[in-house]
Every structure is written in structure tokens, then in C-alpha cells.
Amino acid sequence: MDAKVRDVMTPGPIGVDYHQSIGTAARTMRDWGVGAVLVVSDQALYGLVTDRDLVVRAVAESKGPDEPVGPLSSRDLVGVRADDDAAVAVALMREHAVRRLPVIEDGQVAGIVSLGDLAPPDES
Amino acid sequence: MTGKVRDIMSAAPVCMAATESVSAAAKAMKERGVGTVLVVSGGRLEGMVTERDITIRVLAENRDPATTRLGDIYTSELAVLRPEDDVQHAARLVRDRAVRRLPVIADGVPVGVVSIGDLALDRDERSALSEIPATAPDR
Numbered sequence: 001m002d003a004k005v006r007d008v009m010t011p012g013p014i015g016v017d018y019h020q021s022i023g024t025a026a027r028t029m030r031d032w033g034v035g036a037v038l039v040v041s042d043q044a045l046y047g048l049v050t051d052r053d054l055v056v057r058a059v060a061e062s063k064g065p066d067e068p069v070g071p072l073s074s075r076d077l078v079g080v081r082a083d084d085d086a087a088v089a090v091a092l093m094r095e096h097a098v099r100r101l102p103v104i105e106d107g108q109v110a111g112i113v114s115l116g117d118l119a120p121p122d123e124s
Numbered sequence: 001m002t003g004k005v006r007d008i009m010s011a012a013p014v015c016m017a018a019t020e021s022v023s024a025a026a027k028a029m030k031e032r033g034v035g036t037v038l039v040v041s042g043g044r045l046e047g048m049v050t051e052r053d054i055t056i057r058v059l060a061e062n063r064d065p066a067t068t069r070l071g072d073i074y075t076s077e078l079a080v081l082r083p084e085d086d087v088q089h090a091a092r093l094v095r096d097r098a099v100r101r102l103p104v105i106a107d108g109v110p111v112g113v114v115s116i117g118d119l120a121l122d123r124d125e126r127s128a129l130s131e132i133p134a135t136a137p138d139r
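The listed protein sequences correspond, in order, to chains X and G. Numbers 1 to 124, taken from the working numbering, label the letters of the first sequence in order. Numbers 1 to 139, taken from the working numbering, label the letters of the second sequence in order.
Treat each hint with caution, since some may be false.
No farther apart than 20 angstroms at their CA atoms in a straight line, the calculated lysine to aspartate or glutamate pairs in the DMTMM-like style are these [unchecked claim]:
| # | chain 1 | residue 1 | chain 2 | residue 2 |
| --- | --- | --- | --- | --- |
| 1 | G | K27 | X | D117 |
| 2 | X | K63 | G | E31 |
| 3 | G | K4 | G | D86 |
| 4 | X | K63 | G | D86 |
| 5 | G | K30 | G | D86 |
| 6 | X | K63 | G | D64 |
| 7 | G | K30 | X | E61 |
| 8 | X | K4 | G | E20 |
| 9 | X | K4 | X | D84 |
| 10 | G | K27 | X | E61 |
Partial list, computed: chain G residues near chain X (C-beta under 10 angstroms) [as the list claims (entries may be wrong)]:
| # | residue |
| --- | --- |
| 11 | A11 |
| 12 | A12 |
| 13 | P13 |
| 14 | V14 |
| 15 | A18 |
| 16 | T19 |
| 17 | V22 |
| 18 | A25 |
| 19 | T50 |
| 20 | T55 |
| 21 | V58 |
| 22 | R69 |
| 23 | R82 |
| 24 | E84 |
| 25 | D85 |
These are calculated hints, taken from the structure and not from any lab test. Just so you know, even glycine gets a beta-carbon here, dropped at the ideal spot from N, CA and C.
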């Protein structure tokens with residue numbers, strides 16, 4: 001696995017504001033074809049929310065699509081650098097038992113890398 | 001990638017009737033730690049609902065999860081696997097159909113689900129990826 005994180009990540013980054021609604025986050029995931037979006041608060045990265053988070057932390061808890069998405073976020077994110085080897089991302093996912101990492105370049109979030117980006121099923 | 005689908009599938013899939021609500025399915029996904037509910041009628045597979053379907057077909061459309069039924073949103077005409085299929089065949093289906101999860105059917109009855117994560121784990125059992133729990137939070 002010689003690829004760099006930037007070669008396999010989903011660039012973007014795609015984000016929503018903390019105060020935007022759960023429905024808006026869902027439409028953002030739909031329109032961009034992604035399963036996770038970054039959550040921004042006061043122009044700083046606050047957390048990350050996935051389609052699964054919307055289901056188990058909102059729908060399963062009887063929260064409606066008009067409520068703010070921010071409280072559903074996962075915080076304490078583990079990031080990876082865009083110029084790190086993809087193997088570094090794999091090691092971080094293993095160590096922290098997560099499936100997605102924000103990708104940082106020049107102090108900014110440049111994208112998200114997911115387990116699926118790193119291990120596409122093949123016939124080998 | 002060797003082995004059979006039965007070796008890597010998640011057995012005992014969560015099955016619900018088409019008349020159940022999306023809220024009930026979301027609660028089941030949370031409690032059982034899965035991302036897929038199979039929709040069954042008389043023990044036979046009718047369709048499938050994933051957490052992504054709930055996001056896109058319910059939340060994004062501002063529908064009420066308490067009153068929307070699984071029958072309103074499920075995906076039918078699914079590609080399915082049999083327990084005795086090769087894992088390689090499952091990987092090909094996942095790639096060709098661009099899906100992340102496939103139901104496993106034996107004698108017409110749903111017996112499991114194979115996810116893209118199961119396939120990644122199988123690819124190299126000693127790889128780092130295999131140490132990421134399949135049930136890890138999807139983030």
C-alpha cells in the first residue's frame with residue numbers, strides 16, 4: 001500500500017453548521033453522495049456526523065429532522081495528514097476503532113478518508 | 001479471497017414486517033448494533049432498509065419516522081447471496097452493483113447479511129483492517 005492519503009480520500013471537505021437541522025445534514029449527505037459530514041461551530045471544526053449517527057442518535061431517540069445536528073456529532077476526532085501514507089490511516093483506524101478520519105493539509109481540513117477508501121473489495 | 005459466504009456473513013439478521021415504522025427499525029439498528037433491517041413477509045425476503053436509506057428517504061425528505069413504514073422506503077429487487085457462494089462472488093456483486101450490503105438467503109429464508117466491512121476483513125485476516133471491529137461506530 002504505497003498510496004498517500006490524499007490519493008484515496010474524498011476531497012471536500014463537506015460540512016454543516018452545528019445549528020443546522022438534522023434534515024439539512026441528511027440532504028447534504030444525499031446531494032454529495034457521502035456517508036459523513038464535518039460539523040463546524042464558530043468557524044472551527046466541532047465534530048463529525050455519519051448517516052448511522054443520524055439513525056441511532058436521532059431517529060432511534062425520537063428526535064425529529066428539524067432539531068440541530070450538532071449534538072449528534074462525534075467529537076475528539078483523530079486526524080491524518082494528506083501526505084501521510086495510506087498505511088498510516090489504516091493504523092490510526094485500527095488504534096482508535098473508527099472508520100473515518102478527517103484529512104488535514106496546511107492546517108485546514110482537506111477531506112475525509114474512510115475504511116472503504118482504503119480497502120475496496122477486490123478479487124485478489 | 002477464499003472461503004464461503006457463510007463463513008463471513010453476520011448471521012441472525014434483524015427481520016421486520018413492512019408495516020413496522022422507520023422509528024422501530026432505527027431502534028432495532030441501535031440495539032442490535034447493525035445497519036441493515038431485512039423486510040420479510042411470511043418468512044420470505046421482500047426488501048431491505050439500511051441506515052443510509054433512512055437518512056436519504058426519510059430524514060432528507062422531512063418525513064416522520066414514526067409514521068413512515070418500512071414498506072414505504074425499502075429497496076426491493078435485491079441482489080442476494082447463498083451461504084455456499086464463494087466470497088469472491090460476493091465481492092464481485094458488491095462492486096458491480098455498487099452496494100455495501102447484501103442479504104444471504106437459504107431455501108427462500110433470510111439467514112444473514114454480508115457487508116463491505118465483512119469483505120474487507122476477510123481480504124487479509126492478518127491485516128491491520130481485520131483488527132477494526134466490524135461493529136465499530138461508523139465514523
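Comparing the hints with the structure gives:
A hinted pair counts as satisfied when its Cα atoms are at most 20 angstroms apart, and G/K27 with X/D117 does not qualify at roughly 29 angstroms. As the CA atoms of X/K63 and G/E31 are separated by approximately 17 angstroms, the hinted pair is consistent with the 20 angstroms bound. Taking the CA atoms of G/K4 and G/D86, the gap is about 5 angstroms. The hint holds against a cut of 20 angstroms. For the given pair, X/K63 sits about 41 angstroms from G/D86 by alpha-carbon distance, which is inconsistent with the 20 angstroms threshold.
A hinted pair counts as satisfied when its Cα atoms are at most 20 angstroms apart, and G/K30 with G/D86 does not qualify at roughly 30 angstroms. Of the pairs offered as hints, the one joining X/K63 and G/D64 holds, with about 10 angstroms between alpha carbons and a cut-off of 20 angstroms not exceeded. Among the hinted pairs, G/K30 with X/E61 is consistent with the structure: their alpha-carbon atoms are about 10 angstroms apart, no more than 20 angstroms. About 45 angstroms separates the Cα atoms of X/K4 and G/E20, which puts this hinted pair outside 20 angstroms; it is violated.
Under the criterion of a C-alpha separation no larger than 20 angstroms, the hint pairing X/K4 with X/D84 is consistent with the structure, at around 6 angstroms. The straight-line distance between the Cα atoms of G/K27 and X/E61 is roughly 8 angstroms, inside the 20 angstroms bound, and the hint therefore holds. A cut of 10 angstroms between beta carbons decides the hint on G/A11: the least distance to chain X is about 20 angstroms, and the hint is violated. Taking 10 angstroms as the C-beta cut-off, the interface hint given for G/A12 is violated, the closest approach to chain X being about 19 angstroms.
Using the Cβ-Cβ criterion of 10 angstroms, the hint placing G/P13 at the interface with chain X is not satisfied: the shortest such distance is roughly 17 angstroms. With a cut of 10 angstroms, the hint placing G/V14 at the interface with chain X is violated, because the nearest CB-to-CB distance is about 13 angstroms. For G/A18, the suggested interface contact is broken, since its CB lies about 18 angstroms from the closest CB of chain X, more than 10 angstroms. Evaluation of the G/T19 hint against chain X yields a violated restraint, the C-beta minimum of about 18 angstroms exceeding 10 angstroms.
Annotation: G/V22 was flagged as interfacial toward chain X, and the flag holds, the nearest CB pair being 7 angstroms apart, inside 10 angstroms. Of the supplied interface hints, the one on G/A25 holds, with its beta-carbon coming within about 8 angstroms of a beta-carbon of chain X, less than 10 angstroms. The criterion of a C-beta within 10 angstroms of any C-beta in chain X is met by G/T50, whose closest approach is roughly 9 angstroms, and the hint holds. Checking G/T55 against chain X: minimum C-beta separation of about 4 angstroms stays under 10 angstroms; hint holds.
A least Cβ separation of about 7 angstroms between G/V58 and chain X falls short of the 10 angstroms threshold, and the interface hint therefore holds. Checking G/R69 against chain X by beta carbon gives a least distance of about 14 angstroms; that is not within 10 angstroms, so the hint is violated. For G/R82, the interface hint is violated, the least distance from its beta-carbon to any beta-carbon of chain X being 18 angstroms, above 10 angstroms. Violation of the interface hint for G/E84 is found here, the shortest Cβ-Cβ separation to chain X being roughly 18 angstroms, above the 10 angstroms cut-off.
Annotation: G/D85 was flagged as interfacial toward chain X, and the flag is violated, the nearest CB pair being 14 angstroms apart, outside 10 angstroms.
In summary, the numbered hints that this structure violates are 1, 4, 5, 8, 11, 12, 13, 14, 15, 16, 22, 23, 24 and 25.
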